[in-house]
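**Q** Now for the letters of each chain:
There are 2 protein chains.
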Amino acid sequence: MMLHIIKIGGNIINDEGKLLSFLEKFAAIEGKKILIHGGGKLATEMAEQLKIRQHWNEGRRVTDAKTLKIVTMVYAGYINKNIVARLQAKYCNAIGICGADGNLIQAHKREHATIDYGYVGDVDHVNVEFLLKLLEQDMTVVFAPITHDKAGQLLNTNADTIAQEIAVALASHFEVGLIYSFEKSGVLLDLENPDSVIPRISPVYYSELRKQEKIAHGMIPKLDNAFAALNSGVKKVMIGNAADLDRLIAGTAGTTLTHE
Amino acid sequence: MMLHIIKIGGNIINDEGKLLSFLEKFAAIEGKKILIHGGGKLATEMAEQLKIRQHWNEGRRVTDAKTLKIVTMVYAGYINKNIVARLQAKYCNAIGICGADGNLIQAHKREHATIDYGYVGDVDHVNVEFLLKLLEQDMTVVFAPITHDKAGQLLNTNADTIAQEIAVALASHFEVGLIYSFEKSGVLLDLENPDSVIPRISPVYYSELRKQEKIAHGMIPKLDNAFAALNSGVKKVMIGNAADLDRLIAGTAGTTLTHE
Numbered sequence: 023m024m025l026h027i028i029k030i031g032g033n034i035i036n037d038e039g040k041l042l043s044f045l046e047k048f049a050a051i052e053g054k055k056i057l058i059h060g061g062g063k064l065a066t067e068m069a070e071q072l073k074i075r076q077h078w079n080e081g082r083r084v085t086d087a088k089t090l091k092i093v094t095m096v097y098a099g100y101i102n103k104n105i106v107a108r109l110q111a112k113y114c115n116a117i118g119i120c121g122a123d124g125n126l127i128q129a130h131k132r133e134h135a136t137i138d139y140g141y142v143g144d145v146d147h148v149n150v151e152f153l154l155k156l157l158e159q160d161m162t163v164v165f166a167p168i169t170h171d172k173a174g175q176l177l178n179t180n181a182d183t184i185a186q187e188i189a190v191a192l193a194s195h196f197e198v199g200l201i202y203s204f205e206k207s208g209v210l211l212d213l214e215n216p217d218s219v220i221p222r223i224s225p226v227y228y229s230e231l232r233k234q235e236k237i238a239h240g241m242i243p244k245l246d247n248a249f250a251a252l253n254s255g256v257k258k259v260m261i262g263n264a265a266d267l268d269r270l271i272a273g274t275a276g277t278t279l280t281h282e
Numbered sequence: 023m024m025l026h027i028i029k030i031g032g033n034i035i036n037d038e039g040k041l042l043s044f045l046e047k048f049a050a051i052e053g054k055k056i057l058i059h060g061g062g063k064l065a066t067e068m069a070e071q072l073k074i075r076q077h078w079n080e081g082r083r084v085t086d087a088k089t090l091k092i093v094t095m096v097y098a099g100y101i102n103k104n105i106v107a108r109l110q111a112k113y114c115n116a117i118g119i120c121g122a123d124g125n126l127i128q129a130h131k132r133e134h135a136t137i138d139y140g141y142v143g144d145v146d147h148v149n150v151e152f153l154l155k156l157l158e159q160d161m162t163v164v165f166a167p168i169t170h171d172k173a174g175q176l177l178n179t180n181a182d183t184i185a186q187e188i189a190v191a192l193a194s195h196f197e198v199g200l201i202y203s204f205e206k207s208g209v210l211l212d213l214e215n216p217d218s219v220i221p222r223i224s225p226v227y228y229s230e231l232r233k234q235e236k237i238a239h240g241m242i243p244k245l246d247n248a249f250a251a252l253n254s255g256v257k258k259v260m261i262g263n264a265a266d267l268d269r270l271i272a273g274t275a276g277t278t279l280t281h282e
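Chains as they are written, first to last, in the numbering used here: chain A, 23 to 282; chain B, 23 to 282.
These are calculated hints, taken from the structure and not from any lab test. Check the hints yourself; a few may be wrong.
If you want the footprint, here are the derived chain B segments under chain A, 3+ residues with CB under 8 Å [said to hold, decoys possible]:
1. 86-98
2. 109-117
3. 120-130
4. 149-160
5. 169-181
The calculated label-pair distances, taken between Cβ atoms and stated as ranges, are [said to hold, decoys possible]:
6. A/Ile74 to B/Gly240: 27 to 37 Å
7. A/Met24 to B/Glu282: 55 to 65 Å
8. A/Thr274 to B/Pro243: 56 to 66 Å
9. A/Ile137 to B/Ala50: 31 to 41 Å
10. A/Asn33 to B/Asn149: 27 to 37 Å
11. A/Ser254 to B/Glu52: 31 to 41 Å
12. B/Trp78 to A/Glu52: 42 to 52 Å
This one's a predicted model, so the numbers in the text were calculated from it and none came from an experiment. All residues carry an ideal CB built from backbone N, CA and C; glycine is no exception.
Next up, chain A with everything else stripped away, as it sits in the complex (with noise of 0.2 Å):
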């Protein structure tokens, strides 16, 4: 049987009720499987209501040490432990842990030549026996997108980027499906239409698609990591929206990328 490995992010987080619909789609789904979330903007409305000035650097924020902590709040905190509680309600047996748990995720802190990041972290390795053990006693692991980098220090790290490590990193003990869920229906072949939703991508296609600059600028990187990851044993890549989780992992709704 397949393991899922499902990211969903952060819009559906805030919203409650699509939040509880789509915990009860994952925790009907059968077979071993591992959640990693986002935060989306509980983090920055925390931010705000504290006071403290979210910092950008050449557009990108920067995860300075009070925004660190209130991440690490957020994420692995209130965020991670409610989706458990929400999930062993629904006879999901769940564990919520982040990337230092376990030394589950090593990482380093991002260097970068003329952007100071702060403590955004890079992964280096992932701890794969654990996670192993984990799974054979069929818990459920609900991954924070937080790492560390093993002498003491928490780092902020990007919730695709944790998906896909896993993903790659187990996929020589199981046949991994990799799924990104969020609020839009798929990959669309025309922006302005959201029943263009392109069922299958082969990287064939997908390099005519890119010629043709079909592909939305912002799905760009998650298609490249998409594409990364099957090149590196996942079997089957599913990206589309949260509400359709079932029909996403049935393989009719969303779009899947796949070998050919």
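Following the hints, complete the assembly by docking chain B onto the known chain A.
**A** Frame of chain A; chain B shown alone:
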């Protein structure tokens, strides 16, 4: 070898230097160990910064929905993950969790005829099996004092109680030493004299001390709970200064409660 279950008090957590020196000693303890932390005044400070007024009912703090959000963020997020990251740096493979994770501690919302405590949980059940699995894998468990009701609701739960419940639940599997570490040196014979620590207290001696009203009022519930834990199979209970953790465990500092 003894399983050590160690509760650290909030005042240690508030003091960066004391916390780091405690964690150094904690990481050096040989054998299996579990750390339970409170949150101290960090949660109160956060409530003040967010202008969330703390409500009191007949002298007791009420955990309303907003306060529950804060304690979940601060205890299960900020404090828990920072402790884990620091232990990882000391080659202590730790995992930070709360009672909702793995359904480890199921509780119910406290009901009281006259006082509304809000989202405060009283423990029903500790899921020993999953804890045993984590300990078997040589994971050091770091526990935030949040539980859940298995119906989706997180609950704020007393950290001393959690330590005691976990100790009792594991007493049939390990020789358990339960340690309450805080800023005081132990149980004092003379409250005015910090050097008057009582090294050992048996149940018989305890009832004598109670009769003579020698036990400080605030210490009585701690000691009552400690003796209850001993009666339920816990081997030793040690009470003393977090700065003396190694000596507490060796029995050369603090107060040790024993069966006889």
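**Q** Determine for every hint whether it applies to the structure shown.
**A** The hints, checked one at a time:
1. 86-98: Contact hint for the region 86-98 of chain B vs chain A: holds, 6 residues under 8 Å.
2. 109-117: With 5 residues closer than 8 Å to chain A, the region 109-117 of chain B meets the three-residue bar; holds.
3. 120-130: Check passed, 5 qualifying residues.
4. 149-160: Contact hint for the region 149-160 of chain B vs chain A: holds, 3 residues under 8 Å.
5. 169-181: holds (count 6)
6. A/Ile74 to B/Gly240: 27 to 37 Å: holds (36 Å)
7. A/Met24 to B/Glu282: 55 to 65 Å: Given range 55 to 65 Å: holds, Cβ gap about 58 Å.
8. A/Thr274 to B/Pro243: 56 to 66 Å: holds (58 Å)
9. A/Ile137 to B/Ala50: 31 to 41 Å: holds (40 Å)
10. A/Asn33 to B/Asn149: 27 to 37 Å: holds (34 Å)
11. A/Ser254 to B/Glu52: 31 to 41 Å: holds (40 Å)
12. B/Trp78 to A/Glu52: 42 to 52 Å: Since the Cβ atoms of B/Trp78 and A/Glu52 sit about 48 Å apart, the hinted range of 42 to 52 Å holds.
Against the hints set out earlier in the document, no violation occurs for any number.
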